[in-house]
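The numbering used here applies: residue 9 is where the sequence shown begins, and numbers increase by one.
Please note that the accuracy of each hint is not assured.
To be verified - Taking lysine to aspartate or glutamate pairs in the DMTMM-like style, the calculated list, with each CA pair at most 20 angstroms apart, reads:
| no. | residue 1 | residue 2 |
| --- | --- | --- |
| 1 | K26 | E46 |
| 2 | K28 | D42 |
| 3 | K26 | E50 |
| 4 | K19 | D39 |
| 5 | K28 | E70 |
| 6 | K73 | E83 |
| 7 | K26 | E47 |
| 8 | K28 | D17 |
| 9 | K26 | E40 |
| 10 | K26 | D39 |
| 11 | K28 | E47 |
| 12 | K73 | E31 |
| 13 | K73 | D39 |
| 14 | K73 | E21 |
| 15 | K19 | E46 |
| 16 | K28 | E50 |
| 17 | K19 | E31 |
| 18 | K26 | D42 |
| 19 | K26 | E70 |
| 20 | K19 | E47 |
| 21 | K19 | E70 |
| 22 | K73 | E47 |
| 23 | K28 | D16 |
| 24 | K26 | D16 |
| 25 | K28 | E40 |
| 26 | K73 | D42 |
Stated by the list, open to error - FRET-style restraints, in silico, Cβ to Cβ:
| no. | residue 1 | residue 2 | range |
| --- | --- | --- | --- |
| 27 | E47 | K73 | 15 to 21 angstroms |
| 28 | T38 | F14 | 18 to 24 angstroms |
| 29 | E21 | K73 | 14 to 20 angstroms |
| 30 | Y66 | D39 | 20 to 26 angstroms |
| 31 | Y79 | K28 | 16 to 22 angstroms |
| 32 | D39 | M60 | 27 to 33 angstroms |
| 33 | Q23 | T76 | 17 to 23 angstroms |
| 34 | E40 | M60 | 27 to 33 angstroms |
| 35 | Y66 | E40 | 20 to 26 angstroms |
| 36 | K26 | I57 | 20 to 26 angstroms |
| 37 | Q69 | S13 | 30 to 36 angstroms |
These are computed hints drawn from the structure, not numbers from a lab. In this text, all values refer to a predicted model and were calculated from it rather than measured experimentally. Each residue gets a CB set at the ideal place from its N, CA and C atoms; glycine is no exception.
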Amino acid sequence: MSIPSFIDDMKQEFQTRKDKINEISEEKYTDEIDNILEELYELIGVVMIYFMEEKEIYIRQELMKLQTNIYMYIEAHTPIEKSNK
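Turn these sequences into a full structure, and let the hints guide you.
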């Protein structure tokens, strides 16, 4: 798989999950949104592993920023009692 087609495939995966989040609700953070964001977080990790082999440092850096933002969003919206489980 070439890098451009790989990137296109990943963009489609991200868009699919983003669409799912938008369908649920923009105002209410739900377990379903939490699960989708966790899937995205893991997917970004897979993409980073791919680009480690390609030595594309700037792409890994951008993916790490995105992963950090997703993690922070999840943490900010996780109820305190849920995080203590």
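Hints versus structure:
1. K26 to E46: Holds, at roughly 12 angstroms.
2. K28 to D42: holds (11 angstroms)
3. K26 to E50: holds (15 angstroms)
4. K19 to D39: With Cα atoms ~23 angstroms apart, K19 and D39 exceed 20 angstroms; violated.
5. K28 to E70: With a Cα-Cα distance of about 23 angstroms, the restraint between K28 and E70 is violated, given a limit of 20 angstroms.
6. K73 to E83: holds (15 angstroms)
7. K26 to E47: holds (11 angstroms)
8. K28 to D17: holds (17 angstroms)
9. K26 to E40: holds (12 angstroms)
10. K26 to D39: This hinted pair holds, its Cα atoms lying about 15 angstroms apart.
11. K28 to E47: Roughly 12 angstroms separates the two Cα atoms, so the pair holds.
12. K73 to E31: Violated: K73 and E31 sit about 25 angstroms apart, past 20 angstroms.
13. K73 to D39: violated (23 angstroms)
14. K73 to E21: Distance ~18 angstroms between K73 and E21 Cα, so the pair holds.
15. K19 to E46: holds (16 angstroms)
16. K28 to E50: The hint holds at about 17 angstroms.
17. K19 to E31: Answer holds: K19 to E31 is near 18 angstroms, not above 20 angstroms.
18. K26 to D42: Distance of about 12 angstroms is within 20 angstroms: holds.
19. K26 to E70: holds (18 angstroms)
20. K19 to E47: holds (14 angstroms)
21. K19 to E70: Given pair K19, E70 holds - Cα atoms ~14 angstroms apart, limit 20 angstroms.
22. K73 to E47: holds (16 angstroms)
23. K28 to D16: Holds, at roughly 19 angstroms.
24. K26 to D16: Cα-Cα ~15 angstroms, so holds.
25. K28 to E40: OK: K28 and E40 at ~9 angstroms, within 20 angstroms.
26. K73 to D42: holds (18 angstroms)
27. E47 to K73: 15 to 21 angstroms: holds (18 angstroms)
28. T38 to F14: 18 to 24 angstroms: violated (31 angstroms)
29. E21 to K73: 14 to 20 angstroms: Given about 18 angstroms between the Cβ atoms, the range holds.
30. Y66 to D39: 20 to 26 angstroms: violated (34 angstroms)
31. Y79 to K28: 16 to 22 angstroms: Given a distance of about 19 angstroms, which is inside 16 to 22 angstroms, the answer is holds.
32. D39 to M60: 27 to 33 angstroms: At 32 angstroms between Cβs, range holds.
33. Q23 to T76: 17 to 23 angstroms: At 21 angstroms between Cβs, range holds.
34. E40 to M60: 27 to 33 angstroms: Cβ of E40 to Cβ of M60: about 31 angstroms, so the range 27 to 33 angstroms holds.
35. Y66 to E40: 20 to 26 angstroms: Given a distance of about 33 angstroms, which is not inside 20 to 26 angstroms, the answer is violated.
36. K26 to I57: 20 to 26 angstroms: holds (22 angstroms)
37. Q69 to S13: 30 to 36 angstroms: With a Cβ separation near 22 angstroms, Q69 and S13 fall outside 30 to 36 angstroms, so the hint is violated.
Figure legend: structure checked against the earlier numbered hints; hints not met, in rising order: 4, 5, 12, 13, 28, 30, 35 and 37.
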